[in-house]
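**Student:** Read top to bottom, the protein sequences are chains A and B. In the working numbering, each residue's number is its place in the first sequence (first place is 1) plus 20. In the working numbering, each residue's number is its place in the second sequence (first place is 1) plus 1.
Any given hint might turn out to be false.
Said to hold, decoys possible - The calculated lysine to any residue pairs, modelled on SDA-like cross-linking and capped at a C-alpha distance of 20 Å, are: (1) A:Lys157 <-> B:Leu97; (2) A:Lys155 <-> B:Glu44; (3) A:Lys155 <-> B:Ile296; (4) A:Lys158 <-> B:Ser23; (5) A:Lys259 <-> A:Asp271; (6) A:Lys157 <-> B:Ala22; (7) A:Lys72 <-> A:Gly119; (8) A:Lys157 <-> B:Arg102; (9) A:Lys155 <-> B:Ser308; (10) A:Lys155 <-> B:Gly71; (11) A:Lys158 <-> B:Ala179; (12) A:Lys158 <-> B:Glu15; (13) A:Lys157 <-> B:Phe82.
As the list claims (entries may be wrong) - With beta-carbon atoms standing in for the labels, derived distance ranges: (14) B:Ala22 <-> A:Glu81: 20 to 30 Å; (15) A:Pro282 <-> B:Ser185: 54 to 64 Å; (16) B:Gly258 <-> A:Glu250: 42 to 52 Å; (17) A:Ile210 <-> B:Phe290: 29 to 39 Å; (18) A:Glu250 <-> B:Gly71: 23 to 33 Å; (19) A:Arg219 <-> B:Gly162: 32 to 42 Å; (20) B:Lys41 <-> A:Glu81: 40 to 50 Å; (21) A:Asn247 <-> B:Ser235: 50 to 60 Å; (22) B:Gly162 <-> A:Ser74: 21 to 31 Å; (23) A:Phe121 <-> B:His233: 24 to 34 Å; (24) A:Glu250 <-> B:Ser47: 19 to 29 Å; (25) A:Asn114 <-> B:Ser160: 55 to 65 Å.
FYI, nobody ran anything at the bench for these hints, they're computed from the structure. Here the structure is a predicted model, which means the values were calculated and not measured. Positions of the beta carbon are idealized from the N, C-alpha and C atoms, including for glycine.
Each chain is listed here by its residues.
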Amino acid sequence: MTTDQVNNLREKVLWVWKETLAIHRRAPETRLASSLSVIEIFVALYYGGVLKFSASSPLDEERDRCIISKGHGSICMYPILADLGFFAMEELQNVCQAGSFLGGIPDPVIPGYETVNGSLGHGLGVATGVALALKTKKSDSNVFVVTGDGELHEGANWEAIMFASHHGLDNLHLIVDDNSISMLDHTDNIVSHRDLAMRLTSFGWDCLEVDGHDIIAVQEILLKQKNIKEGRPKAIISKTLKGHGVPGLEDASLSHIINPKPELIDDLLENLIDTLLEKKK
Amino acid sequence: MNINSFAMRDVFLERIWQEMASNPSIFFVSADFGSPVLDKIREDFSDRFVNVGIAEQNLINITAGLAIEGFTVFAYAIAPFITMRCYEQIRVSLALLSEVRPMNVNLIGVGAGYSYVVSGPTHQCYEDITIMRALPNFQVLSPADHITADKLFDGCVSSNGLKYLRFDAQILPVIYEAGPPKISDGFHVHQQGEKICLIATGYMLHTAFQVANEIAKDGEKLGVIDIFNLTHFSADRLKTVLAPYSAIVSCEEGFRGRGGLDAMLFEFIAKSNLNVKTLSIGVEPGYSFELGSRIELHEKVGIGIQSILKKVRPFIQTIPN
Numbered sequence: 021m022t023t024d025q026v027n028n029l030r031e032k033v034l035w036v037w038k039e040t041l042a043i044h045r046r047a048p049e050t051r052l053a054s055s056l057s058v059i060e061i062f063v064a065l066y067y068g069g070v071l072k073f074s075a076s077s078p079l080d081e082e083r084d085r086c087i088i089s090k091g092h093g094s095i096c097m098y099p100i101l102a103d104l105g106f107f108a109m110e111e112l113q114n115v116c117q118a119g120s121f122l123g124g125i126p127d128p129v130i131p132g133y134e135t136v137n138g139s140l141g142h143g144l145g146v147a148t149g150v151a152l153a154l155k156t157k158k159s160d161s162n163v164f165v166v167t168g169d170g171e172l173h174e175g176a177n178w179e180a181i182m183f184a185s186h187h188g189l190d191n192l193h194l195i196v197d198d199n200s201i202s203m204l205d206h207t208d209n210i211v212s213h214r215d216l217a218m219r220l221t222s223f224g225w226d227c228l229e230v231d232g233h234d235i236i237a238v239q240e241i242l243l244k245q246k247n248i249k250e251g252r253p254k255a256i257i258s259k260t261l262k263g264h265g266v267p268g269l270e271d272a273s274l275s276h277i278i279n280p281k282p283e284l285i286d287d288l289l290e291n292l293i294d295t296l297l298e299k300k301k
Numbered sequence: 002m003n004i005n006s007f008a009m010r011d012v013f014l015e016r017i018w019q020e021m022a023s024n025p026s027i028f029f030v031s032a033d034f035g036s037p038v039l040d041k042i043r044e045d046f047s048d049r050f051v052n053v054g055i056a057e058q059n060l061i062n063i064t065a066g067l068a069i070e071g072f073t074v075f076a077y078a079i080a081p082f083i084t085m086r087c088y089e090q091i092r093v094s095l096a097l098l099s100e101v102r103p104m105n106v107n108l109i110g111v112g113a114g115y116s117y118v119v120s121g122p123t124h125q126c127y128e129d130i131t132i133m134r135a136l137p138n139f140q141v142l143s144p145a146d147h148i149t150a151d152k153l154f155d156g157c158v159s160s161n162g163l164k165y166l167r168f169d170a171q172i173l174p175v176i177y178e179a180g181p182p183k184i185s186d187g188f189h190v191h192q193q194g195e196k197i198c199l200i201a202t203g204y205m206l207h208t209a210f211q212v213a214n215e216i217a218k219d220g221e222k223l224g225v226i227d228i229f230n231l232t233h234f235s236a237d238r239l240k241t242v243l244a245p246y247s248a249i250v251s252c253e254e255g256f257r258g259r260g261g262l263d264a265m266l267f268e269f270i271a272k273s274n275l276n277v278k279t280l281s282i283g284v285e286p287g288y289s290f291e292l293g294s295r296i297e298l299h300e301k302v303g304i305g306i307q308s309i310l311k312k313v314r315p316f317i318q319t320i321p322n
């Protein structure tokens with residue numbers, strides 16, 4: 021990858037981070053913290069050459085399917101989809117407003133969203149069905165499904181995890197945004213996943229871990245894993261921080277339900293963004 | 002009787018097997034639930050048959066994934082499990098998602114009412130009509146014999162949408178010997194009555210005929226209607242058919258007064274401004290672990306022939322001539 025490409029990905033991450041904060045500033049009903057931990061994953065998928073997509077034809081048969089199970093925690097997808105032309109950039113001004121299709125929890129009325137995501141623990145199972153369908157159709161397309169770590173407490177996920185490995189669905193990619201926090205606490209204090217990678221591996225998945233805030237590492241591991249087809253479904257555990265980059269929110273047990281003060285967001289957007297840009301470079 | 006009786010599921014699965022030979026878009030998903038006919042499907046179409054195991058939540062999720070990719074999916078399990086174990090999967094990834102992503106999904110639930118007689122209340126199903134008709138874009142289909150089940154198959158393949166088929170687990174006598182009912186009406190008038198009409202679904206149609214025969218001995222002719230589509234029926238025609246009656250009696254093998262057939266019919270009567278009295282025949286709400294034949298169990302919960310006669314005879318006395 022050229023230096024320009026690297027810089028471009030890093031700039032996109034910061035731009036999406038800033039736009040996500042700006043959306044939350046306008047629409048405080050949106051979930052901010054879980055939308056900040058997953059930014060690098062989506063930037064890598066959509067700008068890093070991982071995902072096949074068509075903004076002008078979102079349900080194009082040749083596309084890779086991206087199923088976003090952690091619905092609330094994907095508000096950062098709004099600026100990405102707008103930037104890529106799935107819908108007009110002006111729509112970002114209307115999030116959560118009457119008449120807008122951009123809600124507090126994204127639904128498949130939004131171009132680019134495949135499934136209903138508000139209730140957690142459904143995406144992986146549906147994605148598994150899609151992966152089976154694509155195999156049956158002899159399609160080369162892949163299925164990426166992004167979950168949180170908290171929603172893996174839902175048992176239906178494990179039904180899908182067993183099914184996918186039994187059927188050798190190597191077109192299925194699970195990306196866990198492992199920010200380690202559910203709504204009320206760190207998942208380790210609720211029901212610990214312990215070593216999630218080991219658990220998935222023992223269920224027959226190829227599983228890798230990555231620093232989820234290192235955009236280059238995330239992109240490289242996604243590209244590498246996409247091309248491996250060895251009869252096993254694939255998972256990436258992306259180690260992230262909930263509320264990444266926002267003082268008082270980052271890695272806070274209750275970050276899911278904390279809304280940063282508007283003045284803090286204004287301050288971050290107006291004054292600190294340059295500092296953060298420098299720091300991240 | 003000239004026509005042999007078959008299990009609804011066997012006839013329906015036979016049609017699926019035949020259709021799969023010429024229609025590559027059919028996919029069959031089972032939650033580790035079988036039948037002799039299913040063996041033919043899994044042997045002949047192994048690439049479009051999958052057993053998800055005892056995992057109904059995954060059954061529905063896999064079904065949803067296949068369906069949004071264009072497959073016409075038949076999902077198959079025991080009735081209480083395919084409706085209640087996975088209700089939120091049905092709601093989110095079928096009922097909600099189908100508003101945006103067109104799909105053709107047919108949930109086949111075997112074991113309506115008490116048809117798993119000795120298996121007890123886990124395998125019996127008295128709540129499914131209520132909860133499945135609560136989902137606005139589901140059709141709830143409840144045939145009374147294998148001829149109807151066979152005929153319902155045509156619409157399941159040709160019409161996109163979500164359907165729940167409530168099949169009896171036992172082989173029931175043939176009702177439609179002379180030919181299947183008109184499916185688009187959603188109901189069929191079997192006999193005209195004078196003051197009172199019995200409206201029954203599934204197994205209870207058979208009971209309703211026997212009740213009507215007994216009441217006929219008293220000199221009162223009851224109407225008998227089979228309603229096999231509990232959500233999508235010809236409302237205009239049903240209104241016309243019911244208009245001459247002074248009273249109707251709903252008959253279901255599900256809880257009485259809990260949002261099932263009775264609620265559906267009474268809402269319909271109110272909306273249609275029909276001036277009729279009503280009586281609800283259904284399972285007395287409650288659970289029991291008692292064993293007995295289906296007929297005995299029905300008498301205990303208020304839907305056996307004798308139990309119904311005890312309610313219908315005094316009811317008739319309240320209806321003016």
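**Student:** Confirm or reject each hint.
**Tutor:** Evaluation of the provided hints:
Distance restraint check for Lys157 (chain A) and Leu97 (chain B): the Cα-Cα separation of roughly 25 Å exceeds the 20 Å cut-off, and the hinted pair is therefore not satisfied. Note on Lys155 (chain A) and Glu44 (chain B): the hinted pairing holds, with a Cα-Cα distance of about 19 Å set against a maximum of 20 Å. As the CA atoms of Lys155 (chain A) and Ile296 (chain B) are separated by approximately 48 Å, the hinted pair breaks the 20 Å bound. Of the pairs offered as hints, the one joining Lys158 (chain A) and Ser23 (chain B) holds, with about 19 Å between alpha carbons and a cut-off of 20 Å not exceeded.
A C-alpha spacing of about 12 Å is found between Lys259 (chain A) and Asp271 (chain A), which places the hinted pair at or below 20 Å, so the restraint holds. Taking the CA atoms of Lys157 (chain A) and Ala22 (chain B), the gap is near 16 Å; set against the 20 Å cutoff, the hint holds. Between Lys72 (chain A) and Gly119 (chain A) the alpha-carbon distance is near 30 Å, which puts this suggested pair outside the 20 Å criterion. This hinted pair checks out: Lys157 (chain A) and Arg102 (chain B) have alpha carbons roughly 18 Å apart, not beyond 20 Å.
At most 20 Å may separate the alpha-carbon atoms for a hinted pair to count; Lys155 (chain A) and Ser308 (chain B) exceed this at roughly 55 Å. Among the hinted pairs, Lys155 (chain A) with Gly71 (chain B) is consistent with the structure: their alpha-carbon atoms are about 13 Å apart, no more than 20 Å. Among the hinted pairs, Lys158 (chain A) with Ala179 (chain B) is inconsistent with the structure: their alpha-carbon atoms are about 45 Å apart, more than 20 Å. This hinted pair does not check out: Lys158 (chain A) and Glu15 (chain B) have alpha carbons roughly 27 Å apart, beyond 20 Å.
A C-alpha spacing of about 29 Å is found between Lys157 (chain A) and Phe82 (chain B), which places the hinted pair above 20 Å, so the restraint is violated. Under the hint 20 to 30 Å, the C-beta atoms of Ala22 (chain B) and Glu81 (chain A), about 25 Å apart, fit the expected range. Our hint of 54 to 64 Å for Pro282 (chain A) and Ser185 (chain B) holds, since their Cβ atoms are close to 58 Å apart. Hint check: Gly258 (chain B) to Glu250 (chain A), Cβ distance near 57 Å, so the stated range 42 to 52 Å is violated.
Between Ile210 (chain A) and Phe290 (chain B) the C-beta distance comes to about 36 Å, which sits within the given range of 29 to 39 Å. One distance hint, 23 to 33 Å for the beta-carbon pair Glu250 (chain A) and Gly71 (chain B), holds here, with the actual separation near 27 Å. Between Arg219 (chain A) and Gly162 (chain B) the CB atoms are about 39 Å apart, so this pair conforms to the stated range of 32 to 42 Å. The beta-carbon spacing between Lys41 (chain B) and Glu81 (chain A), approximately 31 Å, falls outside the hinted interval of 40 to 50 Å.
In this structure the supplied range 50 to 60 Å holds for Asn247 (chain A) paired with Ser235 (chain B), their Cβ-Cβ distance being about 56 Å. Here the CB-CB span from Gly162 (chain B) to Ser74 (chain A) is close to 27 Å, well matched to the stated 21 to 31 Å. In this structure the hint that Phe121 (chain A) and His233 (chain B) lie 24 to 34 Å apart at CB holds, the actual value being about 29 Å. The given range of 19 to 29 Å is respected by Glu250 (chain A) and Ser47 (chain B), whose C-beta atoms sit roughly 22 Å from each other.
Evaluation of the 55 to 65 Å hint for Asn114 (chain A) and Ser160 (chain B) yields a failure: the beta carbon distance comes to about 36 Å.
The structure is inconsistent with the numbered hints 1, 3, 7, 9, 11, 12, 13, 16, 20, 25, although it conforms to all the rest.
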